[in-house]
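Enquirer: Sequence:
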Amino acid sequence: MSAKLPEHLTRRHFLGTAIGGAAVLAAGRSFAAGKTLNVLSHKVHQTVIGSGDADLLKNWRSVNDTDIVWTTFDSNPLQDRLFREASLASTEFNVGYMVDNRPTRQIAAMFEPLDAYLKKEPIEAFDDIAPGLVQGMTVDGKLIGIPVRHATQGLFYNEALLEEQGITAPPKTLEELVEQASKLTFTSKSGTRVSGMVLASDLAVFPVMFARAFGGDFLTGKFELLPNPAAMEKALTVLKSMFDSGALPRSYATTKNDDQVTWIQQGRAAFTVLPFARSAQLNNPEQSKFPGKIKAVEFPISADLNGKIPMASVVESWGMVIPANSRDKDLSWKFIQEVSSRRATLGMASNGNGPVRISTYKDEAFASKNPVAAVEAAALANARGAFPPFPEAARAQTIFLEEVQLAVLGRKPVAEAVASISSRIKPLLPA
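Per this note's numbering, residue 8 is the first one in the sequence shown, and the count goes up by one each step.
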């Protein structure tokens, strides 16, 4: 196994300066390709492409006479580096991976609009990519990124606990969810104290999901704040009632996302909301006390809206972008075309990627190995981000969560908390 080259050295540089070139040739190694494509991403994006004979881009590299050099960082450092590179006079990076909650108008302006490329050299069956993901990569009507990975939220439940309490099917409406969560707040036959539902208090995902179940939202793509205040009031009232009854644990204010996973795996909670991609982890026999019994459905909408409008689950996604100051953008687009193809999307999905194409979930081989494929596809079809990106988004989310916690914990009347959300956040929104 060869040692990893320093990030500033391409394979071409290495082969061009290595001592003993004859020995390299004797070992059967070929010269580097004529071109190099530099990609700035998270390690997971490189991993799902595969390597060696399983490299999904092996033929593409050959046809385009191109080496691909990956530079990887964790999510936040990656975004910081990407934006810094895009702000320079020029950059060596050809393609970057961007999270959909980051491209403000100012940031979007640093990346190449892709509509002309899409028209001239179309991506295979582009309309097969979930529309909510495309919307998340569209700023001021301009497409700046092609979706490549997503995490869509679903409602997970412990089937064994439901059966223990005589519940034969997961909830179909939000009201049924609240009712079942109340019934599932009990001490199980194993002696474990069970909470009906566990949710992290530091993520906007959950109050947004509850508000959407009543036909409302926190912030729309057009920056409409609380488009239906009554729906948000209903959402927070429900969450408060669940907390008051014990269906949400007393530790709600300090519960984190990873706690949700642990509580479901250990049978300490019957319901939670997590990305569908967590299914394998939740059912891992080495970690879970209930392997094969942790299942998922779409988050349910309220009874009054059931069958009238679709539930819009929250989704977070990644897109591939081209810095406006980069070189050889045609080669960058060819890379994006290939990674976005049906074949590559399916291959990456088989390697653990959240597939952005609805058709991928219908592939028999993929679906047979993914028990949540059908329900995830249904949720993805109508999913959209928790809120659009804007310069003060982080501050706005902090205020939103502060007011939500005050309402849920009973420290402020729900109506007053909703009014505060509106008055405190409105000045932070784009003009």
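Since the hints were made in silico from the structure, they are not lab data.
Mixed in with the good hints, there may be bad ones.
Straight-line Cα separation of at most 20 Å, EDC-like style, residue types lysine to aspartate or glutamate; simulated pairs [said to hold, decoys possible]:
id : residue 1 : residue 2
1  : 302       : 170
2  : 50        : 423
3  : 247       : 231
4  : 263       : 323
5  : 42        : 74
6  : 336       : 81
7  : 126       : 399
8  : 296       : 266
9  : 196       : 147
10 : 50        : 92
11 : 341       : 81
12 : 336       : 170
13 : 229       : 335
14 : 300       : 311
15 : 127       : 409
16 : 300       : 266
17 : 247       : 293
18 : 247       : 323
19 : 42        : 423
20 : 336       : 166
21 : 149       : 170
22 : 126       : 147
23 : 336       : 72
24 : 149       : 135
25 : 65        : 135
26 : 419       : 399
27 : 300       : 128
28 : 369       : 131
29 : 296       : 131
30 : 300       : 135
31 : 190       : 171
32 : 50        : 74
33 : 190       : 147
34 : 50        : 81
35 : 341       : 147
36 : 302       : 171
37 : 50        : 72
38 : 419       : 135
39 : 149       : 370
40 : 190       : 209
Enquirer: Provide an ascending list of the numbers of those earlier hints which the structure does not satisfy.
Expert: Hints 2, 3, 6, 7, 9, 11, 12, 13, 14, 15, 17, 18, 19, 20, 21, 25, 26, 27, 29, 30, 33, 35, 37, 38, 39 and 40 are the ones this structure does not satisfy, whereas the remaining hints hold.
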